[in-house]
Amino acid sequence: MRVTNLVSSLAIASSALSIFNGLFSNEGGQIVLSNEEDARVDKNKASAGDIKLEELFENIGFETPALLTRAWAEMQAELSPEKIASMMKDFNKRKHSKQPIRKVGQETQEEKAIAKEKEESMKPEKHFSQQSQNDFEVLSNKKFEDYSMRVKSNNPEVLGLDSVKQYTGYIDVQSIDHHYFFWFFESRNDPENDPVVLWLNGGPGCSSATGLFFELGPASINSTLEPVHNPYSWNSNASVIFLDQPVGVGYSYAGGEDEVKNTDTAAKNVFVFLELFFQKFPQFSKNKFHIAGESYAGHYIPKFASEILSNADRSFELSSVLIGNGITDALIQAGSYKPMACGEGGYKPVLEESQCEQMERDYPKCASLAKLCYEFQTAFTCVPAEFYCENKLFQPYAETGLNPYDIRKSCAEEGGNCYVEMNYIDDYLNLEYVKRAVGASNIDIFTSCDDTVFRNFLFDGDEYKPFQQYVAELLEKNIPVLIYAGDKDYICNWLGNYMWVNKLDYEDGEIFASLPLQPWIPQKVRKSDAEAEAEAEADQKGSIYSSTESSVPAGQVKNYKHFTYLRIYDAGHMVPYDQPKNSLAMLNAWIQGDYALGYSAN
1 MRVTNLVSSL AIASSALSIF NGLFSNEGGQ IVLSNEEDAR VDKNKASAGD
51 IKLEELFENI GFETPALLTR AWAEMQAELS PEKIASMMKD FNKRKHSKQP
101 IRKVGQETQE EKAIAKEKEE SMKPEKHFSQ QSQNDFEVLS NKKFEDYSMR
151 VKSNNPEVLG LDSVKQYTGY IDVQSIDHHY FFWFFESRND PENDPVVLWL
201 NGGPGCSSAT GLFFELGPAS INSTLEPVHN PYSWNSNASV IFLDQPVGVG
251 YSYAGGEDEV KNTDTAAKNV FVFLELFFQK FPQFSKNKFH IAGESYAGHY
301 IPKFASEILS NADRSFELSS VLIGNGITDA LIQAGSYKPM ACGEGGYKPV
351 LEESQCEQME RDYPKCASLA KLCYEFQTAF TCVPAEFYCE NKLFQPYAET
401 GLNPYDIRKS CAEEGGNCYV EMNYIDDYLN LEYVKRAVGA SNIDIFTSCD
451 DTVFRNFLFD GDEYKPFQQY VAELLEKNIP VLIYAGDKDY ICNWLGNYMW
501 VNKLDYEDGE IFASLPLQPW IPQKVRKSDA EAEAEAEADQ KGSIYSSTES
551 SVPAGQVKNY KHFTYLRIYD AGHMVPYDQP KNSLAMLNAW IQGDYALGYS
601 AN
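All residue numbers for the sequence shown refer to the UniProt record's numbering, where the first residue is 1 and numbers rise by one.
Bear in mind the hints are in silico, worked out from the structure with no lab data behind them.
In this text, all values refer to a predicted model and were calculated from it rather than measured experimentally.
Incorrect hints may have been included.
[To be verified] Okay, derived cross-link-like pairs now, DSBU-like style, lysine-lysine, Cα gap no bigger than 35 Å in a straight line:
no.: 1; residue 1: K165; residue 2: K152
no.: 2; residue 1: K581; residue 2: K409
no.: 3; residue 1: K280; residue 2: K303
no.: 4; residue 1: K165; residue 2: K143
no.: 5; residue 1: K288; residue 2: K268
[Unchecked claim] Across the chosen pairs, the derived CB separations fall in these ranges:
no.: 6; residue 1: E473; residue 2: D177; range: 31 to 39 Å
no.: 7; residue 1: P364; residue 2: Q592; range: 42 to 50 Å
no.: 8; residue 1: R408; residue 2: K503; range: 25 to 33 Å
no.: 9; residue 1: D313; residue 2: E476; range: 35 to 43 Å
no.: 10; residue 1: Q174; residue 2: E399; range: 43 to 51 Å
no.: 11; residue 1: D146; residue 2: E432; range: 25 to 33 Å
no.: 12; residue 1: N155; residue 2: S175; range: 32 to 40 Å
no.: 13; residue 1: E344; residue 2: Q592; range: 33 to 41 Å
no.: 14; residue 1: E399; residue 2: E375; range: 25 to 33 Å
no.: 15; residue 1: E257; residue 2: E352; range: 46 to 54 Å
no.: 16; residue 1: H229; residue 2: K348; range: 35 to 43 Å
All C-beta atoms in this analysis are idealised placements derived from N, C-alpha and C, irrespective of residue type, glycine included.
Produce the complete structure using the sequences and hints provided.
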């Protein structure tokens, strides 16, 4: 989810915009100074916070850094951390007390889990090494002396999420006291041979527990905080890792003051996590390995994959990447807001014609700022693009009260980032017996999305930095890439994703762009053996396959070699939430090597 970034940041952007409007003028879509006096700045003194501008002056016109210097300085003076916190609080999701409210029926589940914990604690340890810390086995690697990993095996009966083997733990960065939480579920099918998938949610600052409990994990959480079995979990035919990153997200935490403020910094930690993970579970290192995610993972995944490939002595191989409703090419994605809101994305217009016309007029200035960001990739050049573009091109939609993740729906009033189920997840993961079960008892309050992480990325300018070049790099190295998008999302909509994949500069880019979209008819999803047996025992009749109509298109697809774009009908930002069966069919086809998803023009 791009959650608090395009909801909370609108308040910040509104305040900052008044500063920018006084500085910017637009001539033919190019940014120029509003006042010639702004250009008379001593370049030896010009700076933006800790960002030095000397290098910029040698490459671009003097007036541009002078303009941005003033904008940046005035913006930071106007928007103190205290004011930012106050603004974000108004837009923020519902906060939790330290003792979440108990729901009807919760006591029985909790008492049952506590009893199971006590029973297990009486058994002799069998699987922990001499380096164990309480329930955790601790691993280290001489290649990464500053890192270690803590892992614990979880009894599936304690939480009742799934019957498969499951593990939780942390990767610890000793020198800066950072701790990254993960939750691993083995495949329901054939874990010895099935692929491994790393799932990443976005934000930036949102926990992958969203993916686990809201979208594609083995269970969801209902209003009484009970787990509900998901027959279309992505661990039906793959073992899945859910990682909370960067530090500060979900059950991850930091003891020191150092923070991860951008995608580049996050990449190394994820690579080391994977190295230690496959050291702990060497039986999976020979299996296919895929990285999947959505939203801000459109930044994360291309960079993380590049980091993996840059380490030639890695102990595992990357098989492919999958990005759903991602933000990868922010410049092009920003240009899709107007057409999506104004009836050009397959859904009726949701804005007035005058608003659509104003967005059309505002985009050239947004594009000019974004191009500066793309060229220099500094906070100094990227933060103005974030504020201006989101205020001018996203704000009109936000004011409608519609759900930014599903243009068909209004946004729920009770927090949860427009979905009440998100509140159930937060409440569940704040239960003390759940924290104990997964080894996260030292976490005070779990929240699905962390404001501090979001703010750090925002003021680093990370959102508007380009990441599509890493996708091109992957394709040039023959790593398969799937870009999929639910076509009712607004915030990272299918139009923008379709635009940037067609403009991607790589070896086969022109051929890919020339191909038309074709109907996508997903494969039938085979029921697991356990589900088929359960139905047989209950005297339920039916095929071993779920009821996917094989003749009805569920979207549009185009593919050339190992690059695929998929539009999924009637799904919002979180495709597995809206289309669980079809999303599993997509995953199963992809990890089986059907990169055309049933159609190919090769």
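Review point. Which of the listed hints are broken here?
Key: As far as the earlier hints go, only 9 is violated by this structure.
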